[in-house]
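*Asks:* Sequences are here, hints too, so could you generate the full structure?
If you're matching them up, the sequences are chains A and B in order. Using our numbering, the first residue of the first sequence is number 6, and each one after it goes up by one. Using our numbering, the first residue of the second sequence is number 147, and each one after it goes up by one.
No wet-lab data here; the hints were simulated from the structure. All C-beta atoms in this analysis are idealised placements derived from N, C-alpha and C, irrespective of residue type, glycine included. It cannot be assumed that every hint is accurate.
Residues on chain A that point at chain B, a partial pick, calculated with CB under 8 Å [claimed, not checked]:
no., residue
1, I37
2, T65
3, G170
4, V171
5, N254
6, P265
7, E279
8, T280
9, S281
10, F298
11, L300
Calculated cross-link-like contacts (lysine to aspartate or glutamate; reagent style DMTMM-like; alpha-carbon spacing at most 20 Å) [to be verified]:
no., chain 1, residue 1, chain 2, residue 2
12, B, K232, A, D70
13, B, K284, A, E257
14, A, K75, B, E219
A short list of chain B residues far from chain A (calculated; beta carbon distances all over 12 Å) [as the list claims (entries may be wrong)]:
no., residue
15, Q171
16, Q195
17, L197
18, H198
19, V285
20, V300
21, V329
22, L349
23, Y375
24, L381
25, F393
26, A399
27, G407
28, D412
29, P466
30, K489
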Amino acid sequence: MATTATSPSLPQRLRAGDPVAHTLTGMAASFILAITALLLYHLWTGSALPRAEFGWGFLTGSSWDPVAEKFGALPFIYGTVMTSLLALLIAVPVGLGCAIFLAELAPRGASDALTFTIELLAAVPSVIYGLLGIFLLVPILQTTVVPALVAVFGFLPIFQGPFQGVSVFSAGIILAIMIVPFIVSVSREILLAVPQDQREAALALGATSWETTWKVVVPYALTGIFGSVFLALARALGETMAVTMVIGNKPEVSSSLLAPGYSIAAVIANEWAETSSGAMHQQVLIELGLVLFALTVVINGVARLLILSMKGGKK
Amino acid sequence: MTIPKILSAAVAAILLTACGSSSEQPQNLTGAGATFPNPIYSKWFSEYQKLHQLIQINYQSQGSGAGISQVTEGTVDFGASDQPMKPEQIEKFKTTRMTGVLHFPTVMGAVVPTYNLADVTAELNFTPAALAGIFLGKVKKWNDPAIASANPDVKLPAADIVVVHRSDGSGTSFVFTDYLSKVSPEWAAGPGAAAAVSWPVGLGGKGNEGVIGLVEQTPNSISYTEMTYAIQNKLPLGAVQNAAGKFVKASPASVTEAAAGTPMPDDFRVSITNAAGDDAYPIASFTWLLIPETIADASKRAVIVDFLKWMLGPGQAMAPGLNYAQLPAAVIAKEQAAIALIK
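*Replies:* This is the structure in structure tokens:
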């Protein structure tokens, strides 16, 4: 390689573009890793006091007394998981149905217009959803939805006890409304990206239009659809303002969905401003951040394993 | 002299007086802290800027805890808090900033019990025992004798009481729990007094708007809120029995009475809940500006000193318009003397 004296020719310089692009994009990718590492580092060092004081018992403790400095995370973990699961339970069928309609069945013009509306919904700030929740959704739930539910399913433990408007149930519904747009807009793009020859092949074999959609197009796009559900789940787990407005903010574990609860993100937002830096109360809130981080990792990990096993089963 | 000349002379004169001394330099001040006095602080800073065009005061209402942390770390020029700094916080301030911290009361506010009872139009009276009982979860029904005995002319429903409290840490909660701790040994031994406590019963609403939303939505509910918010939202204000045994409604005047009835220590760190005095409203509090004792930057120091003097003078008159109570004359005199401590 005798290149020391002569300047590189044009083709050589273009080839040198490859390593440059490699380095630049690699740096962008490692930036993400660096942010995550930094976040973990700060969550870990910032919560040294309560980790030493409570140990693993923090995860199972259920008292929350800032005055006596007795803290347990269980009610918050429970509230976060329950509201997110409830939201997914409602939002996945609705969102997927909407996406299938938009991608496969609706005329293109109507589909584009509806998609635009849905993306608009995704951009509404969460505090607006929270206020809508408390002033619009809660009264509707109180006067019609919950009495009807209790009349039919009142024997189930999840529909026991008095309903005071704000509850885990209300928070789950608001979250469901908030995450549907994510599922719809991502899933629709993925369904549209399914190659046309897949559909044509199915139709040629005599499948009806719905059979084509449900047995060919949706399975083809399944990984991508799960991706949209993860995105929605991530938003639901971390949602703060809307949840705190309607969940009741009561650190208690109750088997009934109609009882008030609390979520991790909500308690951090609620109590942070009045804590002083380095104090036990503030460090506990940081540790809750760490718990939320771990919770997200675990839930995502489990979901990914589930998909892998499903794919494995198909082969 | 032509008319334009007279006009321009007049404008120049106005400008000169408006700017105060001609030696004034551009100056930016930053403060952070309590949300409760934010409306009056915003008004003060904007009025003060009209008088001193080169001075910018930027106030971020992030909460009292944030105010104390930030002034301790020196990221702001002054802090603001709804509760006096605790001894350990003052100690931390001293070791971090190598100087002391001064508390300057600015205005006072009241926390009022408010409720949603469909068929009750009269404004209810609350004894300390009734309030403590309700928030401890011991008094469960609206027609409980603890409430009914203080309201003989009101027909109270036999409905369950739904307690609503603030879920976010707040000065409002601190004042209310500080009061409950003084009147109820059981409360003092249980939840105690703090910006965020472990509430024995009830639903939590985020912020004043969250609490008021919950009270409006929930029949038979009771909560506590800053007087201003209850008035703005046309919620009923319950009267509270004070230390002298009289039922008093919250108003700027009855709050000023509470401050007048409490001896003021030299460092101004005082609680005026359950104050003595016939007309004193018992759930009231000062709110404080937190100023470092030594301010190295001479021009900043001059602005802070001048602002404090202005706040204690013309600034006080603006308080009642925003439903804050003015400081009593004795407190103002004492603060004016304390300004000299800023070096």
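*Asks:* All the hints need checking, so say for each whether the structure fits it.
*Replies:* Here is how each hint holds up against the structure:
no.: 1; hint: I37; verdict: 29 Å, violated
no.: 2; hint: T65; verdict: 18 Å, violated
no.: 3; hint: G170; verdict: 6 Å, holds
no.: 4; hint: V171; verdict: 6 Å, holds
no.: 5; hint: N254; verdict: 3 Å, holds
no.: 6; hint: P265; verdict: 5 Å, holds
no.: 7; hint: E279; verdict: 3 Å, holds
no.: 8; hint: T280; verdict: 5 Å, holds
no.: 9; hint: S281; verdict: 5 Å, holds
no.: 10; hint: F298; verdict: 22 Å, violated
no.: 11; hint: L300; verdict: 21 Å, violated
no.: 12; hint: B:K232 x A:D70; verdict: 19 Å, holds
no.: 13; hint: B:K284 x A:E257; verdict: 19 Å, holds
no.: 14; hint: A:K75 x B:E219; verdict: 27 Å, violated
no.: 15; hint: Q171; verdict: 33 Å, holds
no.: 16; hint: Q195; verdict: 26 Å, holds
no.: 17; hint: L197; verdict: 31 Å, holds
no.: 18; hint: H198; verdict: 30 Å, holds
no.: 19; hint: V285; verdict: 18 Å, holds
no.: 20; hint: V300; verdict: 24 Å, holds
no.: 21; hint: V329; verdict: 17 Å, holds
no.: 22; hint: L349; verdict: 5 Å, violated
no.: 23; hint: Y375; verdict: 16 Å, holds
no.: 24; hint: L381; verdict: 15 Å, holds
no.: 25; hint: F393; verdict: 29 Å, holds
no.: 26; hint: A399; verdict: 29 Å, holds
no.: 27; hint: G407; verdict: 27 Å, holds
no.: 28; hint: D412; verdict: 24 Å, holds
no.: 29; hint: P466; verdict: 28 Å, holds
no.: 30; hint: K489; verdict: 26 Å, holds
In terms of the numbered hints stated before, the structure departs from hints 1, 2, 10, 11, 14 and 22, listed from lowest to highest.
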